[in-house]
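**Q** Just so you know, the protein sequences line up as chains A and B, in that order.
Counting along the first sequence from 1, when you hit position 80 you're at 80 in the numbering used here, and nothing is skipped either side.
Counting along the second sequence from 1, when you hit position 100 you're at 400 in the numbering used here, and nothing is skipped either side.
Some hints could be false.
Each computed BS3-like pair below joins lysine-lysine, with the alpha-carbon atoms no more than 25 angstroms apart [claimed, not checked]:
#	chain 1	residue 1	chain 2	residue 2
1	B	402	A	3
2	A	108	B	402
3	A	191	A	108
Keep in mind that the hints were calculated from the coordinates and are not lab data.
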Amino acid sequence: MLKRLRESKRLQGTLLITPTLLWMIILLIIPLILTLITSFGRRDPDGNVIYTFTLDNYLRLIGFSETGFDDLYLQIIWRSLVLAFQTTVLVILMAYPLAYFIARAPVKRRNTLLFLVLVPLWTNFVIRIYAWIMILRTQGVLNGLIGWVLGLVGIHFTPLDFYPSQGAVLVGMIYEFLPFMILPIYTSLEKIDGSLFEAAADLGASAVRTFWRVTLPLSAPGMVAGTILVFVPVMGTFIVSDILGGRQVLLVGNLIQRQFLDARNAAFGSAAAILLMALTLVVTLYYTRRFGFGEEIAAA
Amino acid sequence: MSNKRSPWVTLTALFVYVFLYAPVIVLIVFAFNSSRTNIVFEGVVNQGPCGPFYWFCRLAENDDALDAAGNTLIIAVASALIATVIGTMAALALQRYAFPVKRASEAALYIPIVIPEIVMGIGILVFFSALFSAINNTLGLTGDSRLSLGLGTVIVSHVAFSVPFVTLVVRARLHGFDRSLEEAAMDLGANEFTTFRRVTLPIIAPGVLSGGLLAFTLSLDDFIITFFTTGPGSTTLPIYVYGLLRRIVTPEVNALSTIWILTVLVVVFISQRLESRN
Chain A
1 MLKRLRESKR LQGTLLITPT LLWMIILLII PLILTLITSF GRRDPDGNVI
51 YTFTLDNYLR LIGFSETGFD DLYLQIIWRS LVLAFQTTVL VILMAYPLAY
101 FIARAPVKRR NTLLFLVLVP LWTNFVIRIY AWIMILRTQG VLNGLIGWVL
151 GLVGIHFTPL DFYPSQGAVL VGMIYEFLPF MILPIYTSLE KIDGSLFEAA
201 ADLGASAVRT FWRVTLPLSA PGMVAGTILV FVPVMGTFIV SDILGGRQVL
251 LVGNLIQRQF LDARNAAFGS AAAILLMALT LVVTLYYTRR FGFGEEIAAA
Chain B
301 MSNKRSPWVT LTALFVYVFL YAPVIVLIVF AFNSSRTNIV FEGVVNQGPC
351 GPFYWFCRLA ENDDALDAAG NTLIIAVASA LIATVIGTMA ALALQRYAFP
401 VKRASEAALY IPIVIPEIVM GIGILVFFSA LFSAINNTLG LTGDSRLSLG
451 LGTVIVSHVA FSVPFVTLVV RARLHGFDRS LEEAAMDLGA NEFTTFRRVT
501 LPIIAPGVLS GGLLAFTLSL DDFIITFFTT GPGSTTLPIY VYGLLRRIVT
551 PEVNALSTIW ILTVLVVVFI SQRLESRN
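With these hints in hand, go ahead and build the complete structure from the sequences.
**A** Right, here's the structure in full:
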């Protein structure tokens, strides 16, 4: 047996992958299949799942319930998509200049500057949201700061209700996922061969033209990887909207969470989860087919 | 890249750094607030023997918070260790061997990266509830001996979402590996195990270490999967703080976050020093 193992590369490889593969089958593949099965089920009066085959849950999601057409869930899905799109665009607009700044810094300083991007990430996801409540609430730091500045020039200022609101949710989402865009963009910017810029300059291209024709296209893989790392979690997060939206901004994530905990309708919640997964997979697949990505995600 | 910089880039970069750090600074400053409700900063607290560190001392008496911090650390250490070992094995397999389920394994490892965490979270919840109720009913378990969600379920679930990241990082390190070093060791009479321990492992060690650190931080930071797989007695810090957010959050939470950030900074600083020494 040992001798066979020593000689067979196939056996060695299989043995090495086995623990991970088993782990992924038991805790990823089987749960996903179970979710799919549950999504075709029904809820009994006690909140348990009756396993049958019905498309009712999916029909209800797209608006066709027993009581007629109701676009409540379509609105939630649309709101999630719009918010994920807004977050991704704003995150790119903020992350790109910073990544560019770090990539152009002297080599010695780059690691420190990158390190500084990561430090806020270590505070913990939930605590970062709590920090934004302290900043955004009516008596919070931001209103205090604006009031103080306006007070200096003698203008009376009535504090604004930044929190809870949809805007606060957007700020929270941007804050939570910004580093996941900065890192991959930096990685692809840093890899660009410096001689390309010299070549562009030698050929008479202006700095602006060089940026649009050389830098931006070559850093596209970083933006693609970053977009996936930002878009997917924004689509599925329920806590940012739950807390910064004051329970008023409902996203797909909130819908799923409530079905599992408050409403105790696992079948409908599973259908929503399957739909969410299908939506993100379609977006990701379209995106990667179109632009291609790979190692930038590894670098992040 | 060349060193020409437009002032706009510098200015935007500065703004983004301010944006990234404002919440962290607010968190730390409010740990010294004299107001218990912690809405408005009413001046530096100066109470009891601890003076300005009043809330840090109160934290030391807050068993719920300390238990949650302890659970978070246990889960992060355990899941990172398991994920690092099996993830490194998987990286070796995928990078160096041909075997029947290779493509399927690679695909499975990509799934947690491209699907929303909540889908994985509820999937695992559905799985464990079905599994546990089947076992409990078959064996007729009652009361405390019934299987239920707890530390164990959280740890195995954290391993599931961090293994893909460990594998990615270690594979990247194996990618530029000079295999002639291993061949030389074998030619000199070392067996596979000695070669792995004395040649391969030291070279890929930085990759394994950063993979492990990544798994550790992912676990520390996780909310969603923990939320669906945790049970009574296995509350983690994020879950604990989430519960507080609906009521009053006292500056104790800020004190905890302050200690948290400083600890992580020290750990990362030490590990970077160790890495640069190697």
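**Q** Next step is simple, just say for each hint if it's right about the structure.
**A** Hint-by-hint comparison with the structure:
1. B:402 <-> A:3: holds, 23 angstroms
2. A:108 <-> B:402: violated, 40 angstroms
3. A:191 <-> A:108: Holds, at about 16 angstroms.
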